[in-house]
Amino acid sequence: MLVSSKRVVSDLDPFSAEFRSDPYSHYEKLRALGPIVWLEKYDIWAVSHHDTVAAVLNDWETYSNAGGGGLANYFKQKPWRQPSIILEVDPPDHQRTRAALSRALSPRTLKAIRPRFEDDAARFVDAIADRGTFDAIPELVTPYPMKVFPDSVGIEADGRENLLVYGSMVFGSFGPVTPWYEELMSRSAEVSAWILAHCKRDAVAPGGVGEMIYEAVDAGQLTEEEAGLLIRSFLSAGVDTTIDSIGLCLRALAEHPQQWALVREDPSLARAAFEEATRYDSSSQSLFRTTTREVEFAGSTIGKHEKVMCFLGSAGRDPARWENPDVFDIRRRTVGQIGFGVGIHGCVGQMFARLEAEVFFQALAQRIETIEPAGPSVLRLNPGLRGLTSLPLTMTPRAH
Amino acid sequence: MPKATFIGDDGSQTTLDVPVGRSLMEAAVFANLSGILGECGGSVNCATCHVFVESAHVEALPPISLVEEEMLDATSTERQPQSRLSCQLIMTEALDGIVVRLPESQV
Numbered sequence: 004m005l006v007s008s009k010r011v012v013s014d015l016d017p018f019s020a021e022f023r024s025d026p027y028s029h030y031e032k033l034r035a036l037g038p039i040v041w042l043e044k045y046d047i048w049a050v051s052h053h054d055t056v057a058a059v060l061n062d063w064e065t066y067s068n069a070g071g072g073g074l075a076n077y078f079k080q081k082p083w084r085q086p087s088i089i090l091e092v093d094p095p096d097h098q099r100t101r102a103a104l105s106r107a108l109s110p111r112t113l114k115a116i117r118p119r120f121e122d123d124a125a126r127f128v129d130a131i132a133d134r135g136t137f138d139a140i141p142e143l144v145t146p147y148p149m150k151v152f153p154d155s156v157g158i159e160a161d162g163r164e165n166l167l168v169y170g171s172m173v174f175g176s177f178g179p180v181t182p183w184y185e186e187l188m189s190r191s192a193e194v195s196a197w198i199l200a201h202c203k204r205d206a207v208a209p210g211g212v213g214e215m216i217y218e219a220v221d222a223g224q225l226t227e228e229e230a231g232l233l234i235r236s237f238l239s240a241g242v243d244t245t246i247d248s249i250g251l252c253l254r255a256l257a258e259h260p261q262q263w264a265l266v267r268e269d270p271s272l273a274r275a276a277f278e279e280a281t282r283y284d285s286s287s288q289s290l291f292r293t294t295t296r297e298v299e300f301a302g303s304t305i306g307k308h309e310k311v312m313c314f315l316g317s318a319g320r321d322p323a324r325w326e327n328p329d330v331f332d333i334r335r336r337t338v339g340q341i342g343f344g345v346g347i348h349g350c351v352g353q354m355f356a357r358l359e360a361e362v363f364f365q366a367l368a369q370r371i372e373t374i375e376p377a378g379p380s381v382l383r384l385n386p387g388l389r390g391l392t393s394l395p396l397t398m399t400p401r402a403h
Numbered sequence: 009m010p011k012a013t014f015i016g017d018d019g020s021q022t023t024l025d026v027p028v029g030r031s032l033m034e035a036a037v038f039a040n041l042s043g044i045l046g047e048c049g050g051s052v053n054c055a056t057c058h059v060f061v062e063s064a065h066v067e068a069l070p071p072i073s074l075v076e077e078e079m080l081d082a083t084s085t086e087r088q089p090q091s092r093l094s095c096q097l098i099m100t101e102a103l104d105g106i107v108v109r110l111p112e113s114q115v
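As you go down the protein sequences, you meet chains P and X in turn. The opening position of the first sequence corresponds to residue 4 in this note's numbering, with each subsequent residue numbered one higher. The opening position of the second sequence corresponds to residue 9 in this note's numbering, with each subsequent residue numbered one higher.
Please keep in mind that the hints were generated in silico from the structure rather than gathered at the bench. Honestly, I wouldn't trust all of these hints.
Stated by the list, open to error - To be clear about the criterion: a stretch of chain X counts as covered by chain P if any three or more of its residues have a C-beta under 8 Å from a C-beta of chain P, and this derived list gives those stretches: (1) 76-89; (2) 104-111.
To be verified - Chain P stretches covered by chain X per the calculated footprint, using a threshold of three residues with CB under 8 Å from any CB of chain X: (3) 106-113; (4) 130-136; (5) 346-356.
Note that this is a predicted model, so its numbers are computed, not measured. Glycine included, every Cβ here is placed at the ideal spot set by N, Cα and C.
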């Protein structure tokens, strides 16, 4: 067929350490190659412009998530765990589960939770305010979501480190099978068992989001098993993601002191700062869709059941959509940024994440005067998430 | 071009030209109207584009989906019978002249 000759092929490896340590220069190359590129190393398609990424994510009938959000093709191979009943499923089944989760993560719920977040954020910031130089990832950025998120769901304090390991597995499964992944998955049975046990009705504390999901069971909207799997979704995607997002936002602010000064002088800009950071350096750089049929896309023919890698991180830096895309500018109008994804599988916890981050950076603005890098930061190696394991910073407290 | 009028919580009125096919949320956000956030970009995910439809356009409005229904039940400002998420109100010729009121808060 003629069409195959039009396929633009690249040998870029989006999972290589080289690509992931500096994705933005690679995205520039990808975008220059055209609207859709074939990555021969993995036999997958890739889209990297704002418009093409949004087009794919908004057309769930053609670009399904039931084939798996990562490199593995669930239409052709067995998933590593029972698929998510909200993420890895299409309508009509998706609508019901999504509705139950959306409600549990809605503005109304969050309004009620906010004061507790504020107390916790203030305490964590107080603890480091006079430290001077320290590593912000283990000492500030990680402890905060690890406290407020499981508290909100209603998960007991013991054993919460399992959440981080499980999150690594979930997002690790987005990439190719490597020795790193196999080593990680050697603990899969034990960690998955802990997670599943904590998704059960009698394991979630009263008053939390977990209990709200079981209320949907009592109202006849979900089955008991579905409720457990939805809580598993919280626990899969609610902790690492916010640690990474807040960490990357903090790094961006440390590297752009004038932007930090804006937040410090007007803490109501904290939410805008996080939104801009999600465009500028999202913790979710890429995800996959799988075609349900053969489809023409921008002059190429994509076959049925083929994987399409969607670079959210590149969409945020696409000069066709953003003015000066490489500039971190918290006063930018960010509406339409797709760092949380878009469409029916857009991040269901995005309002939760925004609240966590807004409260965190407000607390920081009230207590801290200056934030400066104190050494190179270290990237976390997980194919499904971009984040930091280390972020040495020097902070000075505000004068009282 | 069809028009839509937004009444702010403070009573201020803004009338915008909204092309057919564009949502009221997008129109408001691109006009920098305060009172509509639309943080999720129109995915029925955030309920920060909540509006009250004031004009007699009920027949012409698209039906409320299951997910919108749930989100409307959990908006920051209490739901009313005429509540909608404006990302789901896509402009048509039949919606020309629609008037919506903005709630007190979105988050």
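Margin query: Between the segment 104-111 of chain X and chain P, are there enough contacts, at least three residues with CB-CB distance under 8 Å, for the coverage claim to hold?
Written below: Coverage by chain P is violated for the segment 104-111 of chain X (0 residues, Cβ < 8 Å).
Notebook entry, point to check: Three or more residues of the segment 346-356 of chain P near chain X by CB distance under 8 Å?
Noted result: Check passed, 7 qualifying residues.
Note to self: At least three residues with a C-beta closer than 8 Å to a C-beta of chain X: is that true for the segment 130-136 of chain P?
What the structure shows: violated (count 0)
Item checked: Check of the segment 106-113 of chain P against chain X for coverage (Cβ-Cβ below 8 Å, three residues minimum) -> holds (count 6)
Checklist line | Within 8 Å of chain P (C-beta), three or more residues of the segment 76-89 of chain X | finding: Contact hint for the segment 76-89 of chain X vs chain P: holds, 7 residues under 8 Å.
When held up to the earlier numbered hints, the structure conflicts with 2, 4 and fits the remainder.
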